[in-house]
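> Listed below are the residues making up each chain.
There are 2 protein chains.
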Amino acid sequence: MSRLVCGVDLGGTKISTGIVTEDGKVLNSVKIPTLAQEGPDAVIGRIVKSIEDVLAMSNLKVSDLYGIGIGSPGPLDADKGVIMGAVNLPGWDYIPLVDRIKEKLNIDNVKLDNDANAAAYGEYLFGVGKGIRNFLYITISTGIGGGVVTDGKILHGANSNAAEIGHITINFDGPKCNCGNYGCFEAYASGTGLARLANEEVNKGAESMMKELAGDGPIKAEHVFESARKGDALASKLIDNEGFYLGVGLANLMNLYNPELIAIGGGVSKQLDMFYDKMMETAKKKALRPTFEICKVVPAELGDNIGVLGAAAIAFNL
Amino acid sequence: MSRLVCGVDLGGTKISTGIVTEDGKVLNSVKIPTLAQEGPDAVIGRIVKSIEDVLAMSNLKVSDLYGIGIGSPGPLDADKGVIMGAVNLPGWDYIPLVDRIKEKLNIDNVKLDNDANAAAYGEYLFGVGKGIRNFLYITISTGIGGGVVTDGKILHGANSNAAEIGHITINFDGPKCNCGNYGCFEAYASGTGLARLANEEVNKGAESMMKELAGDGPIKAEHVFESARKGDALASKLIDNEGFYLGVGLANLMNLYNPELIAIGGGVSKQLDMFYDKMMETAKKKALRPTFEICKVVPAELGDNIGVLGAAAIAFNL
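Same order as they appear, the protein sequences are chains A and B. Taking the working numbering, the leading residue of the first sequence gets 130, the next gets one more, and so forth. Taking the working numbering, the leading residue of the second sequence gets 130, the next gets one more, and so forth.
Hints should not be assumed to be uniformly reliable.
Label-pair restraints from in silico Cβ distances [stated by the list, open to error]:
no. : chain 1 : residue 1 : chain 2 : residue 2 : range
1   : A       : N332      : B       : V427      : 13 to 23 Å
2   : A       : R418      : B       : E329      : 39 to 49 Å
3   : A       : K190      : B       : K425      : 12 to 22 Å
4   : A       : L189      : B       : D280      : 41 to 51 Å
Capping the alpha-carbon separation at 30 Å, the derived lysine-lysine pairs in DSSO-like fashion look like this [as the list claims (entries may be wrong)]:
no. : chain 1 : residue 1 : chain 2 : residue 2
5   : A       : K425      : B       : K305
6   : A       : K209      : B       : K282
7   : B       : K340      : A       : K413
8   : B       : K282      : A       : K305
What the simulated footprint calls covered on chain A by chain B, stretch by stretch (three residues with Cβ under 8 Å from a Cβ of chain B suffice, anywhere in the stretch; the number is not a length) [unchecked claim]:
no. : segment
9   : 159-172
10  : 223-231
11  : 293-299
12  : 363-370
13  : 420-431
Keep in mind that the hints were calculated from the coordinates and are not lab data. Predicted model only: the values in this text are computed from it and were never measured. Each residue gets a CB set at the ideal place from its N, CA and C atoms; glycine is no exception.
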């Protein structure tokens, strides 16, 4: 029988847990609220319960598992299996999650990595990056994150914080980012960045359909895309700029990691057709020729299952 | 007896070749002109002759060598051992240098890498990066180059073009770089970038000691440093900006590679005391806290021998 792994996608609002086969099929899965405010002990209890539940649903015991993989928001130390002050998990300050799970379930192979690295490794083992030994996964949603597979392994760096791609400066004269720096890739090209730029324009008095779509609230990224699809001039200009900013970031990543493939996931990537051409045209102008020419850029493939599959992937990687 | 390697530093103007011990001592070395205009065959002949000469000086035969390492300007394919259109080697279009050397000297272990990667690996095996498994070497001279050691191995990427750190965009509204892109790290912070910014200020009519030092020619980076050391206000401002630009670049590299140590070499690094504080203060503001806090930034250690030692290091790395 092929090996089975339990993948746990620990998020700030929900925990998704599933049994995953070696070829990337999710046999059974559950999704429960994290209830992060109850603190680490309660959440760890809920993780363990979710694992026991999917095992029961699948008529399996812990001893049938090859391992357990956990994807979590960072910062964390993947080597030590410790979560260190994750922004979305209040009170999780140096929590040895891997040791706690090993102890509670009596299993040796438990692995932890940040959710972006896990997603990258999931796409590498099961998705569009299968077999591509130098591979980059980018997620564009409220923020921008990523994971790098280099020569078949996740690039961790000295304390598991490599590939913080959202926070590279692409314009040192640019707007302030949530991280405190100015002109980060994320400040321009994330969904939040796009919405901010849209609100700035409209607040300056520009006319646009985006205002009506937003109603009384602020304009969101989805309003920009919807308006652009309907031909709104300002929204179209903003989407064009989005493609430019993404192209600048991609060119930097091509020059630094020299991947053979970049897969783009996350909410904003569902609108990839709207900015793909501008993004690639910009990257082509900005990257060095050999790094651009070797690199394809495609949508990520695993979709909504990427959290569980990514978490499982890191447990298959021994 | 400990293993011996021959390191060949192939440059656009000179070839340096030396016998190197496992602990990084250069036993004997020669330096000859490249005469690149004579074409690949003649230059390969000169490389072979230089290897035979240092072997004779050391009373060694080829069969006494553990291997031969060659550092060369890129682009090149390290896996295949092929130089592909290196800018400083006219006519070197897809030259299988490794196979040619293997054949002429009848030796199996011949390795090729670009000079920045070789320097990084040299500092990792023999210099300030010894034993630091996540390590970054940067050279700041006329251009900016670098090499990344990640988990003890050189980061090559898909076609040996990773770590082209000079050509990451740090300001997409910035000045044009030699590579065709705008606002590259190199366009701001290399010796050439610093000189360009100095000449722009002086051509706008600014008063500065740099003009006298330059005489009839354009201002060079060394004139900026000399004037700043003598208290010239404009030159001091330019050096302060140099520290800022380097800090922006370092923060990006910390966030992307998460090294434990960055070593800075190249001509401009000899003036490191002039801009170190501003550079670190800027990097601290811009990098994410965990990537900044784990990372020391120090001068490179191998000095003028880095070419030969770096080339030797890549042959020791089997």
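> Against this structure, judge whether each hint is valid.
Against the structure, the hints:
{"no.": "1", "hint": "A:N332 to B:V427: 13 to 23 Å", "result": "violated (47 Å)"}
{"no.": "2", "hint": "A:R418 to B:E329: 39 to 49 Å", "result": "violated (28 Å)"}
{"no.": "3", "hint": "A:K190 to B:K425: 12 to 22 Å", "result": "violated (48 Å)"}
{"no.": "4", "hint": "A:L189 to B:D280: 41 to 51 Å", "result": "violated (34 Å)"}
{"no.": "5", "hint": "A:K425 to B:K305", "result": "holds (26 Å)"}
{"no.": "6", "hint": "A:K209 to B:K282", "result": "holds (21 Å)"}
{"no.": "7", "hint": "B:K340 to A:K413", "result": "violated (39 Å)"}
{"no.": "8", "hint": "B:K282 to A:K305", "result": "violated (36 Å)"}
{"no.": "9", "hint": "159-172", "result": "violated (count 0)"}
{"no.": "10", "hint": "223-231", "result": "violated (count 0)"}
{"no.": "11", "hint": "293-299", "result": "holds (count 6)"}
{"no.": "12", "hint": "363-370", "result": "violated (count 0)"}
{"no.": "13", "hint": "420-431", "result": "holds (count 3)"}
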